[in-house]
Amino acid sequence: MKLFPLSICLLILSGCSSMGVEPWERDLHAKQSMQPVANYFENYYDEHIYFSKEASSGGQGVGGGGCGCN
Amino acid sequence: MQLKKIKCKISIATCTLLQVGASSTQAGEWDVDSSFLYYSESDGRVSAFEPAVRAGIDLGDDEFINFQVVVDVLTGATPNGAHKSTTVQTFTNPSGNSSYTIQPGELPLNTTFKDNRLALSGEWNKAINRESSVLFGASVSTEIDYLSLGLSATYQRDFNNKNTTLATGLAVTSDTITPIGDVPLGLNPMRVAGSDQQRAGSSDTKDSLDFMVGVTQILSRKTLVQANFTHGISSGYHNDYNKIITVIDPVTNEPVTSATWVMPGSDNLPYLFEQRPDSRSKNILFLRGVHHLTEDVINLSYRLFSDDWGITSHTLDLKYRYELTPRHYLQPHIRYYTQSEADFYRHDLVQGTDVNDNGTVNLQHVSSDYRVGAFDSLTYGLSYGMAVSKNSEFSIRAELMQQTIDNSGVTRPNEDTPDLSAVILQAGYSFTW
Chain A
1 MKLFPLSICL
11 LILSGCSSMG
21 VEPWERDLHA
31 KQSMQPVANY
41 FENYYDEHIY
51 FSKEASSGGQ
61 GVGGGGCGCN
Chain B
71 MQLKKIKCKI
81 SIATCTLLQV
91 GASSTQAGEW
101 DVDSSFLYYS
111 ESDGRVSAFE
121 PAVRAGIDLG
131 DDEFINFQVV
141 VDVLTGATPN
151 GAHKSTTVQT
161 FTNPSGNSSY
171 TIQPGELPLN
181 TTFKDNRLAL
191 SGEWNKAINR
201 ESSVLFGASV
211 STEIDYLSLG
221 LSATYQRDFN
231 NKNTTLATGL
241 AVTSDTITPI
251 GDVPLGLNPM
261 RVAGSDQQRA
271 GSSDTKDSLD
281 FMVGVTQILS
291 RKTLVQANFT
301 HGISSGYHND
311 YNKIITVIDP
321 VTNEPVTSAT
331 WVMPGSDNLP
341 YLFEQRPDSR
351 SKNILFLRGV
361 HHLTEDVINL
371 SYRLFSDDWG
381 ITSHTLDLKY
391 RYELTPRHYL
401 QPHIRYYTQS
411 EADFYRHDLV
421 QGTDVNDNGT
431 VNLQHVSSDY
441 RVGAFDSLTY
451 GLSYGMAVSK
461 NSEFSIRAEL
471 MQQTIDNSGV
481 TRPNEDTPDL
491 SAVILQAGYS
501 FTW
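As they're listed, the protein sequences go chains A and B.
Take 1 as the starting number for the first sequence in our numbering and just add one per residue.
Take 71 as the starting number for the second sequence in our numbering and just add one per residue.
Hints are computed from structural coordinates only; laboratory data are not their basis.
It should be emphasised that the depicted structure is a prediction, and the values quoted were computed from it without experimental measurement.
Treat each hint with caution, since some may be false.
[To be verified] In the DSS-like style, the derived pairs of lysine-lysine whose C-alpha atoms are separated by at most 25 Å in a straight line are: (1) B:Lys292 with A:Lys31; (2) B:Lys232 with A:Lys31; (3) A:Lys31 with B:Lys196; (4) A:Lys31 with B:Lys184; (5) B:Lys154 with B:Lys232; (6) B:Lys389 with A:Lys31; (7) B:Lys184 with B:Lys154; (8) B:Lys292 with B:Lys460.
[As the list claims (entries may be wrong)] Derived, one-sided and incomplete: chain A residues facing chain B with beta-carbon distance under 7 Å: (9) Gly20; (10) Val21; (11) Trp24; (12) Glu25; (13) Leu28; (14) Ser33; (15) Met34; (16) Pro36; (17) Phe41; (18) Tyr45; (19) Ala55; (20) Gly58; (21) Gly59; (22) Val62; (23) Gly63; (24) Gly64.
Glycine included, C-beta positions come from ideal geometry on N, C-alpha and C.
Let the hints inform the model, and build the full structure from the sequences given.
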């Protein structure tokens, strides 16, 4: 079970080796709108609101600290 | 939109992993992001004002730091967990010194709810070589009754000509809960105001550890995908010390009254403080895809959450960024969320069945907090952004959140948990300095 995440990564890594773009084809990926989180505080506030109003939280990364939100 | 250059390189690990933009920032430049949130729930429940500032600087040689300050001012009323009644109900405030009454037919809300929060965090990001970097973060968050300290570390490495990025991160959090009026004893009755409150102590603690592994893959010039897996464990005090649960009289199907309450002791009210397990283990799968159309951008994510409390949830989030002009955009947003209830979620406790005549409770864990019950939530709204200049951007958004509570398991009158709606308003301004 502990090796499961590692196995998934290796599988993805090998499968992804044929995908992607050349360095000169990264113009669109450099745009702010193409970032996984394009607006930092929109995402931050949403994480905080739903953390305090739902039983689930996290998934996008680690860290940031907690709160006793009601 | 030329903003947030540093954010393309460094991002707080809690929210944004693996920004893949390749833009660079001149050493010594500050990237500043400021924002203000107004959150307001219906029926006079919780309102929040939350200003925030975040500033990052490029130190040169692929080294970045940033700092963040968030202030949170909360007011309003929050459900205390008890049910409506056909008679007037009296509850004791968390301090134990005073009480409040709820009229017949009204949902019991604690109107003394008020809190302020100050959250500070910082991050340091440094490239180890051309392919890999490390990100260290520290955070502190303090409230009247809560202190949270956190440390995190994330390592990421590029492969396949920087088209694939693997990341792994670890975070530890140490929380200290210091309730106003000390820590209530779980599964013990709320006590009459002014009497001995029989509390467990002045504070309690909770420790958390999260481990994450993720991959981001550029599929084509217009598409990238991301997948994260997170495993988290926590131990210690998981209760919400403000939450109680009603004891029902099986004869009347109403909350028991002081006259019919079997718990020995004249100062015991017919409500018990909730008791959740002292540990929690969770697994989270998070998937995201970002696709560039001719001009517009679609950002779609899905999260599967599961824990050993019996809660499973699904979250679907869709943003469509519609480029009005090169300097203006509109972004409709829709988010759907659904969760199942925790194993220990109960609408009530029944006298004679769950609570014996001698006052003992037959359950180990119980909570009537609707947030560990089953419900669906839908959020929809719109953002508008405008590039004020080459290096500054203004944005606003307005959204409506609607939680629909699953009351299908309710068998007695007055036990329906009402639905909740909330307005989310946000304004932000970002600039390079």
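Evaluated hints:
1. B:Lys292 with A:Lys31: With Cα atoms ~11 Å apart, lysine 292 of chain B and lysine 31 of chain A stay inside 25 Å; holds.
2. B:Lys232 with A:Lys31: holds, 16 Å
3. A:Lys31 with B:Lys196: holds, 22 Å
4. A:Lys31 with B:Lys184: violated, 41 Å
5. B:Lys154 with B:Lys232: violated, 59 Å
6. B:Lys389 with A:Lys31: Measuring from Cα to Cα gives roughly 16 Å; hence the hint holds.
7. B:Lys184 with B:Lys154: Cα-Cα ~23 Å, so holds.
8. B:Lys292 with B:Lys460: The hint holds at about 24 Å.
9. Gly20: holds, 3 Å
10. Val21: Since the shortest Cβ distance to chain B is 5 Å, the answer is holds.
11. Trp24: For tryptophan 24 of chain A, the interface hint is violated, since the closest Cβ of chain B sits about 10 Å away, which is over 7 Å.
12. Glu25: Status holds, d = 5 Å.
13. Leu28: Check passed: Cβ of leucine 28 of chain A comes within 5 Å of chain B, closer than 7 Å.
14. Ser33: Holds, because the Cβ-Cβ distance from serine 33 of chain A to chain B comes to roughly 5 Å (cut-off 7 Å).
15. Met34: holds, 6 Å
16. Pro36: Holds. Min distance 6 Å.
17. Phe41: holds, 4 Å
18. Tyr45: holds, 5 Å
19. Ala55: Result: holds, 5 Å to nearest chain B Cβ.
20. Gly58: Hint holds; glycine 58 of chain A Cβ to chain B Cβ min 5 Å, cut 7 Å.
21. Gly59: holds, 4 Å
22. Val62: Since the shortest Cβ distance to chain B is 4 Å, the answer is holds.
23. Gly63: holds, 3 Å
24. Gly64: holds, 2 Å
Hints 4, 5 and 11 from the earlier list are contradicted by this structure; the remaining hints agree with it.
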